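Peer 1: These are the residues of each chain, in order.
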Amino acid sequence: MNRIDKKFKELKRREKKAFIAYIMAGDPSLSVTKKLILELERRGVDIIELGVPFSDPLADGPTIQKASERAIRNANVDSVFKLVRDIRLKTKIPIVLMLYYNLIFHYGLKRFVENSVRSGVDGVIAPDLPPEESKELRAITKEHGLAAIHLLAPTSSTERIKNIISASTGFIYYVSLTGTTGARSKLPKELSENLRKIKKMTKKPVCAGFGVSTSEQVKEIQRYADGVIVGSAIVKVIEKNIGKKNTVRKVGNFTEALCTR
Amino acid sequence: MPETLMVALSELEKAYKKARQDAKFKKELKGLLALYAGRPTPLYLAKNLSKNNGPKIYLKREDILHTGAHKINNTLGQVLLAVKMGKKRVIAETGAGQHGLATATAAAKFGLTCDVYMGEEDIHRQSLNVFKMRLLGARVIPVYSGSRTLKDATSEAIRDWVTNVRSTYYVIGSVIGPHPYPMMVRDFQSVIGKETKSQILKYEGRVPDYLVACVGGGSNSMGLFYPFLKTRARLIGVEAGGFGLNTDKHGASLCRGRPGVLHGTKSYLLQDKNGQIKIAHSISAGLDYPGVGPEHSYLKDIKKALYVTVTDKEALEGFRMLSESEGIIPALEPSHAIYYAARRLAPKLNKNKIIVVCLSGRGDKDMDIIKENL
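Taken in sequence, the protein lines are chains A and B.
Residue numbers are given in my numbering: position 43 of the first sequence equals residue 43, and the series is strictly consecutive.
In my numbering, each residue carries its 1-based index in the second sequence increased by 1000.
Treat the hints as calculated values from the structure; they're not laboratory data.
Just so you know, not all the hints are guaranteed correct.
Said to hold, decoys possible - Mimicking SDA-like on lysine to any residue, the simulated pairs with C-alpha atoms at most 20 Å apart in a straight line are: (1) B:1266 with A:107; (2) A:189 with B:1167; (3) A:162 with B:1007; (4) A:66 with B:1142; (5) B:1278 with A:110; (6) B:1273 with A:78; (7) A:82 with B:1276; (8) B:1087 with A:155; (9) B:1088 with A:178; (10) B:1273 with A:81; (11) B:1014 with A:158; (12) A:162 with B:1011; (13) B:1014 with A:157; (14) B:1278 with A:73; (15) A:66 with B:1121; (16) B:1014 with A:132; (17) B:1266 with A:138; (18) B:1266 with A:105; (19) A:189 with B:1166; (20) B:1266 with A:131; (21) A:66 with B:1279; (22) B:1273 with A:79; (23) A:135 with B:1266; (24) A:82 with B:1167; (25) A:135 with B:1064; (26) A:110 with B:1007; (27) B:1014 with A:78; (28) B:1266 with A:157; (29) B:1273 with A:135; (30) B:1278 with A:105; (31) A:66 with B:1160; (32) B:1278 with A:106; (33) B:1278 with A:138.
Unchecked claim - Computed footprint of chain B on chain A; a stretch qualifies when at least three of its residues, placed anywhere within it, have a C-beta under 8 Å from a C-beta of chain B: (34) 101 to 113; (35) 136 to 148; (36) 152 to 159; (37) 190 to 201.
As the structure is a computational prediction, the values presented were derived from the model and not from experiment.
Positions of the beta carbon are idealized from the N, C-alpha and C atoms, including for glycine.
Kindly generate the complete structure, drawing on both the sequences and the hints.
Peer 2: Written as structure tokens, this is what we have:
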């Protein structure tokens, strides 16, 4: 069984909801990223969503755009595979890569999936790849047991929701708002209603992200979904502490306060 | 494309298909193109540019159009569609500012709110167009990310659309972006080729031997080529050679790029060994894009069209040549096509041959750059 499926099963048994943390590989360096993953696991994070920097991150807001710019010289697909391979000696935490489709396409779909699995990557999210364009990638991920996580948006029609649910493995990523990634003080009113609707349509885990930055928002989402994804809020703490002492511990403190309160 | 936009794209496709078959929509657009934009544009025989014993060079005079370039053909169509769809706000990306200006113009005419994303670098290069857009009531939003040119302005416009998708219509300025944009922009720009065809048949009784147009995203060239796809005319797209193809500073996606995916399109793209998009360069802001319309990639692959490059320096020579020989000051973008037609193609042909060059815009916007470089 895939590490992601195992994790959701275990959480279910413990009657817990998943906390998924996003960080950008290579921000500020690959060695710090490695330490951050282990620290985040220690602090209660269930799944790591690891961004791969891209020159044109069009689904991302300013925080992750900047992280991408900082990281682009430090990381590429191969160095991220190596990072995951190294870290697999120390942790079994599920790791999902989040990267724009051109990076996968350029690397070669089959080679990408094979090397993902060989390195210990558990799933892949391409935020700019809708299900109607992902058939080829899905066929390969299915063959190799890599989870293919698709995004659902507030604007998705019922028909699209059905298709995306059936295309997704691992979990379904519900985008909580119409917009790019980035902390928001308020999340849309219809979020809980939409999550309830989607939950009724599937037994697969549904996790929500985009805009989440406070423990209240985390709790609110965890009431309706199987998990919550926090990215920009954590990346911001990394950004603020670049070059300072105890970066890793500070990010750990912040994340722990978000996920366990 | 992000999932958030998928429903909007299919709504747009439906609305466009309906409009395309709607006699009222077609009549309204035709009226606007004629009385507001100034169509048909002349197909002008540039006698001085056509040297003795050389081929005839005709210019399709899109530079004469309202707002100074072919861009208005597309924005009138799309803004009219936005109105039909009940949208109150339009957004656009712009490089040289011509598409931004044409969108701001159409938005002013139809009373829509208009925000234009423009790379900070281009805002400096094309300050006159920025000023004009603001006069027309549009907001010009500077983009500071990445290369601060057209590619980043496009990403930022997409981010805006993802955020305001329910209320906003995104007017894409070239044959790029997700379906249905490349098809829709091609159709709106095809008026260039359709007019050219009927004009040349009238003047010469036959289709031209060569059609030459510059290619950035590829809208004026696609507009010229499309109605000729089933004819014997040879199609030549001229890309920005920048400092030269042996350098890293050019905009030759078709001649030097590899297949990739950007802004919802699979096409030839300038990218590095890791799949990161490279920064394009051209003296003309309108050709400064690392991608190209997917249909051009297709025409290249099936060898229906030939794609070549002209450097910054050569484009300046083309610019000077046309200004001095014909009294027509072209924009730097079509100066690439002028140079190719007059200097590389014409000398190889005899006087029985006919070349049509798309003069996609006039040079007013480029005066600052010209002053610095000539």
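Peer 1: Taking the earlier hints as the rules, which of them does this structure contradict?
Peer 2: Going through the list in order, the structure violates hints 5, 24, 25, 26, 27, 28, 29, 33, 35, 37 and respects the others.
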